[in-house]
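Trainee: Sequence:
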Amino acid sequence: MQHATDALDNISVSLDVMVPMRDGVRLATDIYRPAFPDGSPRPGRFPVLLTRTSYDKSNPVMQVEPVGKYFARRGYVVAIQDLRGRGNSQGVGDYHHRANPREGEDGHDTIEWLAAQSWSTGRIGMVGSSHSGCVQNVAALHRPPHLSALWVDVAPITAHGWESRSGGAQRLHMVPALFLHAYDAAEIRSDPVARKRIEEGAMAMRGFLQHMPFKRAHTPLAAVPNLEAVLMRYQDFDGLDPWWTQEVLDQKSRLDRYADVPTVFSTGWYDCFVAEVTWQFAQMARRSTAPQRLIVGPWNHGGMRAGASRIGEVEFGPDAAWGNAVYNPERLRWFDRWLKDAPTGVEADPTVRLFVMGGGTGGRTPDGALAHGGRWIEAVSWPPPDAHETDFLLAPDGRLAATGTAIPETTIAWTHDPARPVPTIGAAVAAFFEWMPVPDGADPAYLHGRARMRPILPDGPMHQRERPDLLGCAAPYPLLSQRADVQVFQTEPLAEAVEIAGPVTLRLFVSSSAQDTDFTAKLIDVHPSGAADPEGFHLNLTDAILRMRFRDGAQTPDLIEPGRVYEIAIELPPTANRFERGHRIRIDVASSNFPQFDVNPGTGEPLGRHTQRLPARNAIHVGPAHPSRLTLAVRRPG
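Taking this note's numbering, the leading residue of the sequence shown gets 1, the next gets one more, and so forth.
Source of the hints: derived by calculation from the structure; they are not laboratory data.
Certain hints may be false.
Keeping only pairs whose Cα atoms sit at most 25 Å apart, straight-line, the calculated DMTMM-like set for lysine to aspartate or glutamate is [stated by the list, open to error]:
1. LYS340 to GLU112
2. LYS69 to GLU330
3. LYS252 to ASP236
4. LYS69 to ASP94
5. LYS215 to ASP236
6. LYS340 to GLU65
7. LYS69 to ASP341
8. LYS215 to ASP417
9. LYS196 to ASP56
10. LYS340 to ASP319
11. LYS196 to ASP184
12. LYS215 to ASP341
13. LYS69 to ASP9
14. LYS252 to ASP241
15. LYS196 to ASP241
16. LYS252 to GLU492
17. LYS215 to GLU200
18. LYS340 to ASP9
19. LYS252 to ASP38
20. LYS215 to ASP184
Being a predicted model, the structure only gives us computed values, none of them experimental.
Please model the entire structure based on the sequences and the hints provided.
Mentor: Now the structure itself:
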């Protein structure tokens, strides 16, 4: 253990305090304590905030400044801990990305150790985003007696729902994430050859993703066998088995064990986990006696912490910008109330705060972004009680029509060619990146992977036109709506604004020539043409996929009968948007969305082990006998 002081900030820091777990493994933990100007720790007992991380507890941007120093200056002891097998913690070789079986026990034991220290009041809160939010969810299942409050940010509660699989398809954003975790794995810290193998693989990520399926022992991740094994688990999906349903990868089925403590859940409409975060909040609000809160902004996975009002190619206005200037005071109010009994007034805060996108000028900002705008609204529950399910029928002429419209019985067919998939143009993904080469003369710190990440797939809204710099696109770079394998259904230009806030569901009657294929859905706000956008701006709001062998759920795959008509429901992540007068509501249906999701080869072979790729002739059936329809949660425009 090392000791450090920061007299300027009046903080005392104890580095690499080795906290014992029940099996004898010790986890490296940095302890930040309020101090006198000379750097000596202040006497007395303080509430404790804990964050547990796989991202390096000494990271100044992610951990030290916004968590350790910020809260220690304000009367908290802050503990920042490397997870088992990560950083300076013991348990080398025991790290499996998200699938760490002792995660709940480690969280419980750390909380109870902190509560027993002489400088602790015994009231412990947890903070953290993404993986550091996941570990909060797992720890809460173990109900440590001294856990007193949580702020869970952008965290999934399953691995098979929206993290590494989705609708049965593989979410490929977890592939580059595994490379990042492998590069700084403790197992190869002193092995430059292994690190070079990971580095070169991360630099060649585009090609790596285009040569699926991956073969065990033949990927760069073989340098860290634990993580290559996880990659193969993510790819070779045969349905939910005990690995996928273990506690650390599935808290959704275990929420009856979740600690009843005051909790804030935060996410964004372009966060890959918004569906699960909002669902978890609704469940916890129903089950808990302690206050539960939900905050959803127009952000991507890291947007709230980044402080930007622009996400992707769209500007949402100054009210969208949080960053630590807003986020930390919000968290401070929350924890001051529940860990210090301070009268901060959080009980009177709205239960749900949602950012409804839209309402901007629709022009371009000085930096070239679409001025889509938006505003915050409040609600007493999720989904908002004033939003009502409204159906729009799919019609053969490409219309989205009101219920009651006469729709002739028709089949709309296209060919899905797995060799030429529909490319993803902006999406709700975690950081989806390749590494750039190290510039000549670069600072050694630049060698770390995070400093070298360059997006393969931008995480946020974009105009839906192919372009040369995005993976999967090809000349002549058409609008996605111009592709023969994308079926477009849209309203007439709206006579009045339509505002939605809540779930989005597409119910389809479909058939295929294949034994297995995919159906994708993407909800789009079509801005009309203008001086800056002669073809309009096709703004993606939310999207999803369903692999037909998992049409009845992820438990057991069941191939389909070619030519038979099946009724399916594609559950898109929720969203909130104001479609202005003159805009169109649009839903795009296709059979691929790459590289957000892996491409279905159309053979019906076991996933991840296919030997060929076959085109499929897919179809949507519409009409009185097959009422394919889009369901939106429509509310009265504000």
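Trainee: Hint by hint, say whether it matches the structure.
Mentor: Verification of the supplied hints:
Straight-line distance between C-alpha atoms of LYS340 and GLU112 comes to about 18 Å, which keeps the hinted pair within the 25 Å bound. For the suggested pair LYS69 and GLU330, the alpha carbons sit about 16 Å apart, so the restraint of at most 25 Å is met. Restraint check for LYS252 and ASP236: satisfied, since their Cα atoms lie roughly 22 Å apart, inside the 25 Å limit. With a C-alpha separation of about 30 Å, the suggested pair LYS69 and ASP94 falls outside the 25 Å cut-off, and the hint is violated.
Under the criterion of a C-alpha separation no larger than 25 Å, the hint pairing LYS215 with ASP236 is consistent with the structure, at around 10 Å. A threshold of 25 Å between alpha carbons decides the hint, and for LYS340 with GLU65 the separation of about 22 Å falls inside it, so the pair holds. Restraint check for LYS69 and ASP341: the C-alpha separation of about 22 Å stays at or below 25 Å, so the hint holds. Among the hinted pairs, LYS215 with ASP417 is consistent with the structure: their alpha-carbon atoms are about 23 Å apart, no more than 25 Å.
Only pairs whose Cα atoms come within 25 Å are accepted, and LYS196 paired with ASP56 is accepted, the gap being roughly 20 Å. A distance of roughly 29 Å separates the Cα atoms of LYS340 and ASP319; the hinted pair therefore is violated under the 25 Å criterion. As the CA atoms of LYS196 and ASP184 are separated by approximately 11 Å, the hinted pair is consistent with the 25 Å bound. For the hint pairing LYS215 with ASP341, the CA-to-CA distance comes to about 55 Å; that exceeds 25 Å, so the pair is violated.
Between the alpha carbons of LYS69 and ASP9 the distance comes to roughly 8 Å, so the proposed pair stays at or under 25 Å and holds. Among the hinted pairs, LYS252 with ASP241 is consistent with the structure: their alpha-carbon atoms are about 15 Å apart, no more than 25 Å. Among the hinted pairs, LYS196 with ASP241 is inconsistent with the structure: their alpha-carbon atoms are about 34 Å apart, more than 25 Å. Between LYS252 and GLU492 the CA atoms are separated by roughly 40 Å; this puts the pair beyond 25 Å, and the hint is violated.
For the hint linking LYS215 to GLU200, the alpha-carbon distance of about 17 Å falls within 25 Å, and the restraint holds. Restraint check for LYS340 and ASP9: the C-alpha separation of about 21 Å stays at or below 25 Å, so the hint holds. With a C-alpha separation of about 48 Å, the suggested pairing of LYS252 with ASP38 is violated against the 25 Å cut-off. Note on LYS215 and ASP184: the hinted pairing holds, with a Cα-Cα distance of about 23 Å set against a maximum of 25 Å.
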